[in-house]
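*Asks:* Residues per chain, in single letters:
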Amino acid sequence: MVSQSGNEAGGPAGTGWLARAWDSDVGYSFRTSPVAIGAAFVSGLIILATVFANVITPQNPFDAATLNLMDGFTPPGEAGAGSGMTFGLGADSQGRDVYSAILYGTRVSLLIGFASTVFSLVFGVTLGLVAGYVGGRIEALIMRIADIQLSFPAILVALLVFGVARGLMPPSLHEQMTFAVMTIAIGLSNWAQYARTVRASTMVEKRKEYVDAARVIGLRPFPVMIRHVLPNVAGPVLVIATINLALAILEEATLSFLGVGMPPTQPSLGTLIRIGQQFLFSGEWWILLFPSLALVILALAINLFGDWLRDALNPKLR
Amino acid sequence: MSAETKDLASAPLVRADRLTCRFDVSRPWLERVVAGAPRQTLTAVADLSFEIARRETFAFVGESGSGKSTVARMVVGLQQPTSGDVTIDGISMSDPRSAAAREKLRQRLQMIFQDPFASLNPRWRVDRIVAEPIRAFGIADGAAAEQRVAELLQLVGLSRTDSRKYPHEFSGGQRQRIAIARALSANPEFIVCDEPTSALDVSVQAQILNLMRDLQDRLGLTYLFISHNLAVVRQMATRVGVMYLGRLVEVAPRDELFARPRHPYTRMLLDAVPDLDMVGRQRKPVVGEIPNPISPPGGCSFHPRCPLAFDRCRTELPVMTDSAGALVACHAVADGRIS
Amino acid sequence: MNEPLLSVRNLRVEFPTRRGILTALDGVSFDIAAGEILGVVGESGAGKSITGAAIIGLLEPPGRIAGGEIRLKGERIDNLPADGLRRIRGKRISMVFQDPLTALNPLFRIGEQLSETIQLHTGMKPAAARERAVALLTDVGIPAASRRIDAYPHQFSGGMRQRVVLALALAADPELIIADEPTTALDVSVQAQIIGLMKRLCREHRVAIMLITHDMGVIAETADRVAVMYAGRIAEIGPARDVIKNAHHPYTQGLMGAIPTLVAAAGRLTQIPGTMPRLDAIPKGCAFNPRCPHTFARCVVERPELLQAERSRAACWLHAKAAI
Chain A
1 MVSQSGNEAG GPAGTGWLAR AWDSDVGYSF RTSPVAIGAA FVSGLIILAT VFANVITPQN
61 PFDAATLNLM DGFTPPGEAG AGSGMTFGLG ADSQGRDVYS AILYGTRVSL LIGFASTVFS
121 LVFGVTLGLV AGYVGGRIEA LIMRIADIQL SFPAILVALL VFGVARGLMP PSLHEQMTFA
181 VMTIAIGLSN WAQYARTVRA STMVEKRKEY VDAARVIGLR PFPVMIRHVL PNVAGPVLVI
241 ATINLALAIL EEATLSFLGV GMPPTQPSLG TLIRIGQQFL FSGEWWILLF PSLALVILAL
301 AINLFGDWLR DALNPKLR
Chain B
319 MSAETKDLAS APLVRADRLT CRFDVSRPWL ERVVAGAPRQ TLTAVADLSF EIARRETFAF
379 VGESGSGKST VARMVVGLQQ PTSGDVTIDG ISMSDPRSAA AREKLRQRLQ MIFQDPFASL
439 NPRWRVDRIV AEPIRAFGIA DGAAAEQRVA ELLQLVGLSR TDSRKYPHEF SGGQRQRIAI
499 ARALSANPEF IVCDEPTSAL DVSVQAQILN LMRDLQDRLG LTYLFISHNL AVVRQMATRV
559 GVMYLGRLVE VAPRDELFAR PRHPYTRMLL DAVPDLDMVG RQRKPVVGEI PNPISPPGGC
619 SFHPRCPLAF DRCRTELPVM TDSAGALVAC HAVADGRIS
Chain C
658 MNEPLLSVRN LRVEFPTRRG ILTALDGVSF DIAAGEILGV VGESGAGKSI TGAAIIGLLE
718 PPGRIAGGEI RLKGERIDNL PADGLRRIRG KRISMVFQDP LTALNPLFRI GEQLSETIQL
778 HTGMKPAAAR ERAVALLTDV GIPAASRRID AYPHQFSGGM RQRVVLALAL AADPELIIAD
838 EPTTALDVSV QAQIIGLMKR LCREHRVAIM LITHDMGVIA ETADRVAVMY AGRIAEIGPA
898 RDVIKNAHHP YTQGLMGAIP TLVAAAGRLT QIPGTMPRLD AIPKGCAFNP RCPHTFARCV
958 VERPELLQAE RSRAACWLHA KAAI
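Residue numbers (the working numbering), protein chains in the order written: chain A, 1 to 318; chain B, 319 to 657; chain C, 658 to 981.
Careful, some of the hints might be misleading.
[Stated by the list, open to error] Cross-link-like lysine to any residue pairs, in silico, SDA-like; alpha carbons within 20 Å at most: (1) Lys602(B) - Arg860(C); (2) Lys602(B) - Asn903(C); (3) Lys902(C) - His976(C); (4) Lys602(B) - Lys856(C); (5) Lys941(C) - Asn667(C).
The set of hints was computed from the structure by calculation and includes no laboratory data.
From just these sequences and the hints, can you work out the full model?
*Replies:* The following block contains the structure:
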């Protein structure tokens with residue numbers, strides 16, 4: 001057959017990894033996919049905006065000192081009655097700038113999203129690697145737990161973990177521990193997918209001869225898993241992680257919307273939406289609409305990027 | 319050589335004693351319970367004994383399902399035998415009491431695999447792949463390891479600048495050279511080669527086979543060579559064992575085996591190989607196919623395809639007997655019905 | 658001289674990729690006579706499978722025929738529209754692949770698959786088609802064919818499956834079978850049976866076979882003539898005995914010396930230095946010139962045509978005696 005792989009052969013060996021990534025098949029697929037470029041651009045822009053939120057917003061929406069109650073319910077694009085500053089996306093009942101609140105809220109949402117994704121990734125990949133490599137009873141145990149977990153909706157698992165954690169903690173800690181509890185609750189509800197995928201690819205990789213070659217020189221299972229198998233099962237993990245990031249953000253928003261997530265003092269997008277929906281029927285639509293829109297755009301951009309990544313890393317679809 | 323003069327140097331390097339390996343090929347527990355199916359075992363290797371002398375190339379040849387690759391894996395310790403044992407230089411490969419000695423022994427044995435596209439970790443650079451045994455055994459590190467990798471690459475006909483490349487940048491033959499460089503990096507004495515050229519094109523195969531012979535002469539290596547290709551085995555081996563359905567049917571020195579095959583299966587195999595010298599020639603017809611190894615025929619497992627089978631072959635397993643320079647497991651040969 | 662069954666002239670196949678156009682076949686010309694077995698050998702990437710795929714119109718996209726012509730009994734078939742090709746494929750030219758499992762649908766009984774093919778191409782009634790299916794299965798050496806016709810592919814062994822595939826290929830009484838590595842997946846003892854079967858079918862059904870394989874031994878035993886391919890071109894073509902025993906192209910000579918045999922002395926094998934060039938780096942002039950022990954000035958600048966060398970033809974300037 002015509003070989004398209006190995007296209008770097010004969011090229012200079014010393015080129016940087018960035019140049020090689022750009023020149024690789026995945027890089028090419030990225031360069032020629034407007035959707036991927038758009039999604040990456042939007043995601044990147046949102047992440048940058050939240051990182052520099054305190055620089056690019058007119059006020060810190062959660063510093064009560066900067067708020068002016070007289071600005072309450074200022075419609076989008078109009079000047080507030082109290083401070084006189086213009087509210088591009090309007091102000092809420094407290095006179096809080098919706099635009100600023102969205103950027104700060106997105107920051108919280110993204111942080112929880114990233115943290116819980118890393119948590120479920122590390123947890124799931126470790127268990128999947130062990131299950132796939134060791135096999136036998138350990139594998140059966142891990143995978144049956146994963147099966148059971150997957151037969152519950154993720155949100156239910158998160159609610160359960162959240163409730164149990166809350167119950168075990170003194171109420172005085174609730175407020176400050178919410179972030180950690182949310183991260184673990186969402187993280188624990190999503191590990192099974194990683195475990196399943198990694199177990200499947202580990203079982204394929206461990207039969208490959210390079211693993212045998214490492215075992216022949218007496219390498220123990222742990223180094224073989226970490227040094228040899230793990231780098232070769234990382235591709236699909238990356239795809240799941242991207243798509244899971246969007247899911248985790250939505251899951252967090254759902255929990256916060258239900259009132260069991262982030263408190264109004266530390267609002268995420270979900271919290272903002274919950275607050276906003278109280279005003280929907282009294283005509284102050286912007287308090288609900290703009291945070292919801294932000295959530296949709298964020299989740300969509302990350303999902304589209306993840307979709308592209310899955311196709312780009314799947315040699316069968318290329 | 320008589321038994322009295324037998325010293326350490328002339329003792330066989332590898333000795334396999336009644337090696338048997340069974341695999342559980344049952345379906346998963348839940349499916350088995352639901353379907354009410356019994357457990358199933360496959361006997362991949364049964365009661366196999368052989369010896370390999372220092373500096374010789376001992377080859378196993380057989381068709382699919384003969385168990386030859388399982389033997390290779392048991393010899394290097396990748397597969398635990400169900401019963402029986404392999405000893406290399408007197409050290410058992412499965413006895414837990416010899417664990418410490420076995421760790422030392424590992425440095426002296428290596429394996430070369432069939433598929434050069436799978437035997438090199440695709441995420442590693444060549445220098446790391448080749449140096450892995452050097453580092454694992456603590457032979458050298460840093461600049462010394464780098465120097466050794468460069469020497470090894472030159473030894474197998476590659477360039478030292480290849481060390482910074484990834485495996486996908488090489489052709490199949492070049493990859494097999496990298497695999498050989500890696501196998502040699504810790505100065506082993508004994509290399510198990512499992513179909514090392516069957517994934518390669520003929521002209522590349524010739525390069526690799528020549529290289530392996532040169533290296534054997536230069537470094538005094540001992541090979542266990544596994545192949546399904548009789549011509550390749552004839553090219554490489556000093557002694558040959560023929561396997562059929564997990565059992566050894568004939569062991570003989572190379573020239574003896576190819577000039578005077580004794581076992582009916584060996585004869586059939588030699589007749590079946592298409593050869594360049596067969597242009598336009600008519601051949602003896604070959605009958606039957608290899609039975610399912612999960613339920614091999616009783617008695618001599620070759621009897622359903624054997625032109626010489628008689629009642630005894632269907633019921634009684636033939637044992638290895640000496641037949642003028644060769645060991646053969648066949649009732650017909652033992653009874654003198656064929657020479 | 659009567660007209661050849663299949664005639665390929667200057668066939669050129671290209672694969673456009675993002676790194677430029679790869680020329681997989683370049684100036685490939687050969688004939689196959691009716692009832693003849695032409696062996697096509699070469700190492701992986703030499704273009705032998707692509708030649709077969711181009712003839713039967715099954716090039717994998719983005720591959721395309723970029724030049725030359727293919728004629729079946731004088732009629733051009735390389736530029737046929739899709740439905741014209743379909744009428745030829747399976748009926749006048751059929752194909753046998755390496756893995757019999759890809760050719761057989763695991764969900765249907767083999768009898769159904771055979772009868773369907775027979776009905777499609779011959780318009781027979783179902784009962785007659787089934788009768789013919791049994792006859793075909795018997796012909797390819799399936800014991801108790803009338804009973805086994807209702808079995809599923811997985812109930813057959815590898816060798817038996819390849820026999821079924823051969824029956825399927827014969828279903829419409831084709832003039833040509835393209836067999837791409839038909840015995841490569843089989844054990845030697847089964848391979849020998851399939852080789853014997855193909856030779857007999859070729860003789861009895863007067864069907865020509867284009868036998869694509871990397872195994873010179875299979876060619877030696879089966880083929881009447883052999884084409885040796887190298888880097889998308891034919892290096893040498895001639896009667897099997899001549900190509901194997903008296904090769905004229907330096908590549909063929911090297912190749913024959915590189916093959917270990919059961920007869921010759923087991924000394925050092927002949928070694929061709931280097932590897933076959935990648936399709937994006939085929940050297941100028943003769944594609945073999947960087948590896949050839951006889952290279953001279955002309956080889957580096959001018960590509961040799963197939964030149965007469967005794968009973969064979971070789972693409973090598975060593976045989977351009979008249980021109981010197």
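*Asks:* Look at each hint and say if it fits the structure.
*Replies:* The hints, checked one at a time:
1. Lys602(B) - Arg860(C): holds, 18 Å
2. Lys602(B) - Asn903(C): violated, 26 Å
3. Lys902(C) - His976(C): The given pair, whose Cα atoms are some 17 Å apart, holds under the 20 Å limit.
4. Lys602(B) - Lys856(C): With a Cα-Cα distance of about 14 Å, the restraint between Lys602(B) and Lys856(C) holds, given a limit of 20 Å.
5. Lys941(C) - Asn667(C): Distance of about 18 Å is within 20 Å: holds.
The structure does not agree with numbered hint 2 stated previously, though it agrees with all others.
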